[in-house]
Amino acid sequence: MKIGITYDFNGLRSERIGATHGITPKEWEALKPRLVAAHRAILQLRQSQQIGFLDLPYDLALADHISKIAKKIRNKFDTFVVIGIGGSALGNIALHTALRHPYHNEISWKKRGKVPTIHVPDNIDPDRLAGLLDTLDLKKTFFNVISKSGDTVEIMSIFMWIKELLFKKLGPKKARRHFLITTDPQHGSLRAIAEVEGFETLPIPSNVGGRFSVLSAVGLLSASVSGIDIHDLLSGAAAMERACMTAKSPEKNPALTAAGYHYLMHTAKNKNIQIMMPYAHALKDIADWFRQLWAESLGKAHNRKGQKIYTGQTPCKSLGVTDQHSQLQLYMEGPYDKVITFLSTEKFHHRIYIPETMTYQTSIQYLAGHTLNELLEAEYTATQLALQNAQRPTCAIKLSEISPRTVGALLMLLELQTAYAGELYDINAFDQPGVEAGKQYAYGLMGREGYEAKAKEVTQAPKPKSEFLISL
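At position 405 of the sequence shown the residue is numbered 406 (the numbering used here), and the sequence of numbers has no breaks.
FYI, nobody ran anything at the bench for these hints, they're computed from the structure.
Treat the numbers as computed from the prediction; the structure is a model and nothing was measured.
You may find that some hints are simply not true.
In silico DSS-like pairs for lysine-lysine, Cα to Cα no more than 25 Å straight-line [said to hold, decoys possible]: (1) Lys249 to Lys3; (2) Lys141 to Lys69; (3) Lys73 to Lys170; (4) Lys33 to Lys77; (5) Lys141 to Lys111; (6) Lys111 to Lys140; (7) Lys33 to Lys170.
Modelling step: build the complete structure from the supplied sequences, incorporating the hints.
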C-alpha cells in the first residue's frame, strides 16, 4: 500500500534555479558520505534507546488502550480540554485542524460525529482562559493535563486553578473523574499528584521529548476522542519510518534527502530562514507544529565538541493563498535568505464550482465553470514557478489526500528529517538548553525554592534608562 506522499526537491537544485542559490551536483555528491553517517548515527541512538519517537507507531497496545479510554470519555462528556503547552499542545492542534471538520466546535454534536468539542488553549493568558471557562459546562467537561516533566510551570498553574474549581463545584470524588494525567511513567510532580489523588494516567516514554511526542499518548488521546482513527495515523507513520530505513542510496530516503538539502541550503547557500507554506487550510497548524520541531531541535549554541557555532534556521509559517497577499512580495524581491517548503494535497473533501453569474461584468467570466479547487492549485503552481524563476529556493511535499494515514506519515517524515539534520550539524537535536534559562528566572520570580539566586539576578538587572523610553 502506497504511503501517498511526494517530496519534490527540484526547486532546490542548481539545474532549476542556478548555482548561486541552488545545490549543485558536486555539492550534493560531496555530502553523501555524511548523509550515510547521519543515518547510521540515528540508528545507533535508537538501538541504545536514547531516542524513542521512531518506535511510537508500533505501540498498538497503547493505541488500543487509548481508544477504549476515548470511547468512555465520548460517552460521558461534551467537551475535551487539553491543558498543555509547546510539544504538549501543538501536535494536538495540528491533528485536530488537519483531520476534523474545520468548524468542529461550532457544528452540532450529530454533524461532528457525536464526539466532544476540543479545546487546546496553549497559553496562560488569564483573559483567554477565563473566556474559555465562560463557554464550558464544567459538569460535562473533561481535562487532559499533559507535562512530561510534571513541573512545567504553565501547566501546573492552570491545573491547580482548574482542579480547585472542579473540586469545589463537584466534590473531590466526582471531580477526579474529569481528569486524565499524561506524564512520565515514573518521575515528576504530576506523577506524584496522580498517585496521591487517584487520577487516571497515560505515559510519555522517557526517551521521547515533547516536540517528538505527537504520536504518543500526548497526541493520540485528544485525536481519538475527536473521532480520528489513531490506528490509521500510526499505520502511516510506521510506513514512513520503514521507507526511511535505508541509506545505501540517500535519494531513496526522503527524510535523509530533505535533511541534506536543507542543511546545504543553510550552510552552503546562506538560507537562514525556513518557511513552510501550506496550500490547504487543514495543514496550516502542521506548519505551526513544525516551527517548534525545527527551531528547538536545531537552534543550538554548541556542537557536540563544545565549540560555539550558533546554528539553526529560523522557521516561519505562511499560508497559501492568504499570505500571497501579505508575504509573497518579500519572498519574491526581498533578501535571498529563505527556502520555502510548500505543503499541498491532490484532493480536497469538497469541490466548489464557480457559476456563470454577473455576466454583465465580462472581466470575471473566465472564472465561470472552474472550481475553487482548480483556482487554489493554479495559484500554488503559479507561486512556485514565480519563485523559482526569481531563483528563490523551494521544495514541495504533496499528499495524495489529507487522511490519518498521510498525516501520520508526514509527521514522521518531518521528525526524522529534523533528527537527521541534527546529525549533519553535529548537535544534539533532542535537548533544549536555551529554553531552560528563561524558565529558571521565572521560577525565581515566582518564589520556587532553590531559585533564589535567579530571582536576585532579575531584581538586580539593569533598569531601563528614561532617555530611551517614550510614554504617551
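Point to revise | Non-conforming hints, listed in increasing numerical order | key: Hint check: 4 and 7 fail, others pass.
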